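Novice: Here is how the chains run, residue by residue.
Number of protein chains: 2
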Amino acid sequence: MRESHILPAARGAAYAVRAGQCATIRNPHGTQVVDTWALALDDPFDHSAMEHTRSVNSNLFFEAGQRVMSVRRRPMLTMIDDTTPGHHDTLLCPCSAEIYRELGCTGHHRSCTENFHEAIAAHGLSLPFTPASLNLFMNVPVAFDGSLDRLPPRSQPGDRVTLRAEMDLLLVLSACPQDVTPINGSARTPRDIEVILHAEGEEA
Amino acid sequence: MRESHILPAARGAAYAVRAGQCATIRNPHGTQVVDTWALALDDPFDHSAMEHTRSVNSNLFFEAGQRVMSVRRRPMLTMIDDTTPGHHDTLLCPCSAEIYRELGCTGHHRSCTENFHEAIAAHGLSLPFTPASLNLFMNVPVAFDGSLDRLPPRSQPGDRVTLRAEMDLLLVLSACPQDVTPINGSARTPRDIEVILHAEGEEA
Numbered sequence: 001m002r003e004s005h006i007l008p009a010a011r012g013a014a015y016a017v018r019a020g021q022c023a024t025i026r027n028p029h030g031t032q033v034v035d036t037w038a039l040a041l042d043d044p045f046d047h048s049a050m051e052h053t054r055s056v057n058s059n060l061f062f063e064a065g066q067r068v069m070s071v072r073r074r075p076m077l078t079m080i081d082d083t084t085p086g087h088h089d090t091l092l093c094p095c096s097a098e099i100y101r102e103l104g105c106t107g108h109h110r111s112c113t114e115n116f117h118e119a120i121a122a123h124g125l126s127l128p129f130t131p132a133s134l135n136l137f138m139n140v141p142v143a144f145d146g147s148l149d150r151l152p153p154r155s156q157p158g159d160r161v162t163l164r165a166e167m168d169l170l171l172v173l174s175a176c177p178q179d180v181t182p183i184n185g186s187a188r189t190p191r192d193i194e195v196i197l198h199a200e201g202e203e204a
Numbered sequence: 001m002r003e004s005h006i007l008p009a010a011r012g013a014a015y016a017v018r019a020g021q022c023a024t025i026r027n028p029h030g031t032q033v034v035d036t037w038a039l040a041l042d043d044p045f046d047h048s049a050m051e052h053t054r055s056v057n058s059n060l061f062f063e064a065g066q067r068v069m070s071v072r073r074r075p076m077l078t079m080i081d082d083t084t085p086g087h088h089d090t091l092l093c094p095c096s097a098e099i100y101r102e103l104g105c106t107g108h109h110r111s112c113t114e115n116f117h118e119a120i121a122a123h124g125l126s127l128p129f130t131p132a133s134l135n136l137f138m139n140v141p142v143a144f145d146g147s148l149d150r151l152p153p154r155s156q157p158g159d160r161v162t163l164r165a166e167m168d169l170l171l172v173l174s175a176c177p178q179d180v181t182p183i184n185g186s187a188r189t190p191r192d193i194e195v196i197l198h199a200e201g202e203e204a
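Residue numbers (full-length UniProt numbering), protein chains in the order written: chain U, 1 to 204; chain E, 1 to 204.
Bear in mind the hints are in silico, worked out from the structure with no lab data behind them. Please read these numbers as outputs of a predicted model, since none were measured by experiment. Glycine residues also receive a C-beta, built at the ideal position from the N, C-alpha and C atoms. Hints should not be assumed to be uniformly reliable.
Partial chain U-side listing against chain E, Cβ under 8 Å, derived [said to hold, decoys possible]:
#: 1; residue: Asn59
#: 2; residue: Val71
#: 3; residue: Arg73
#: 4; residue: Pro75
#: 5; residue: Glu98
Coverage of chain E stretches by chain U, computed from C-beta distances (three or more under 8 Å per stretch; other residues unrestricted) [stated by the list, open to error]:
#: 6; region: 2-8
#: 7; region: 26-39
#: 8; region: 164-171
Construct the entire structure; sequences and hints are all you get.
Specialist: Written out as structure tokens, the structure reads:
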């Protein structure tokens, strides 16, 4: 069942994934953040919830072996492989039109929020709000006083993570369009991402 | 306009608050966690969002001077006074029926999730999901590796926080029913909370 897709820089896409299937998200440049959500196919309001994910894993960050939980406390995804230094961000919001205005952008600027809604609309779904995202490859270190920073990814070209679906779900990904801050690398240039859907044990 | 209410242990309530008005939440025993949300009166789907709150404050914790932001990036609340040691939790989910089942409870157990939905229903509102809560008085320290703990509150009897509304909103509070873990104090006994609605500058 192996299927490989290119998710173009600054764009979003959603993939219907059945329980037990896997998605490998490969970062060809190593510097691209991927905002990630899951919606249960049996109920799109039962979406991935970072507050339940942190609660179940008792950790701020997302790492191999941990699970993404839904707002109704159902396991949605397990990260079964990760070649990066880890510490994927669960803390910060997806970027949005409002954030680009705060950053001084005038006119339209693509955002992870827009990408999320476009991607689920392509599957006939809509939500009246934007859930918090799991921010793969995103480097948000936290200091002792709780303050947090936004730094370029620590991953290398070709690094990848693999998520196994624990239920039938829509996996929503956004190759973050952020080009004002260095969150997508010091070059401030969004990059393409590769998404490979495959069976567990099948090489990505 | 001063109004004082008792929020009984393990129960929730919602209060319509106009922009500029204040709510002082007083902890008579010092040990009671209060799960807190805001819904915009002009659009209940524009609710308090911890991921935007952390982003705007660039901090994990919530402290005096910080703002609660909505999922559409509007300022909702500002904490203008805090007599506690600070570091209110923004990380963990409200408790729910599913969590009490995980903790081994059988039968019905009140939860902050149930309190949230009951409280907004009393104002004619419903939401098909439960937003992440701001957990006032809740003590969730974070270690260097990102792991987090659940400890009794550090506040003292009579400690209080004051929130000023930055828009017309419904302030939803739950005196957390958690009696299995020590998050509401080592006695594991939920307690009453006092809620005082007042004008800014008016003594609570």
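Novice: Now tell me if each hint is right for this structure.
Specialist: Evaluated hints:
This hint holds: Asn59(U) has a C-beta 5 Å from the nearest C-beta of chain E, less than the 8 Å allowed. Nearest Cβ of chain E to the Cβ of Val71(U): about 5 Å, under the 8 Å cut. The hint holds. Hint status for Arg73(U) relative to chain E: holds, with the closest Cβ pair at about 4 Å, below 8 Å. Restraint check, Pro75(U) versus chain E: the minimum CB separation of about 11 Å is more than 8 Å; hint violated.
For Glu98(U), the suggested interface contact is upheld, since its CB lies about 4 Å from the closest CB of chain E, less than 8 Å. Proximity of the region 2-8 of chain E to chain U, defined as three or more residues with a beta carbon under 8 Å from a beta carbon of that chain, is not established by the 0 residues found. Figure legend: the region 26-39 of chain E, annotated as covered by chain U; annotation inconsistent (0 residues with Cβ-Cβ distances under 8 Å, at least 3 required). Under a criterion of three residues with beta carbons nearer than 8 Å to beta carbons of chain U, the stated coverage of the region 164-171 of chain E fails, only 0 such residues being counted.
Hint violations for this structure: numbers 4, 6, 7, 8, all remaining hints satisfied.
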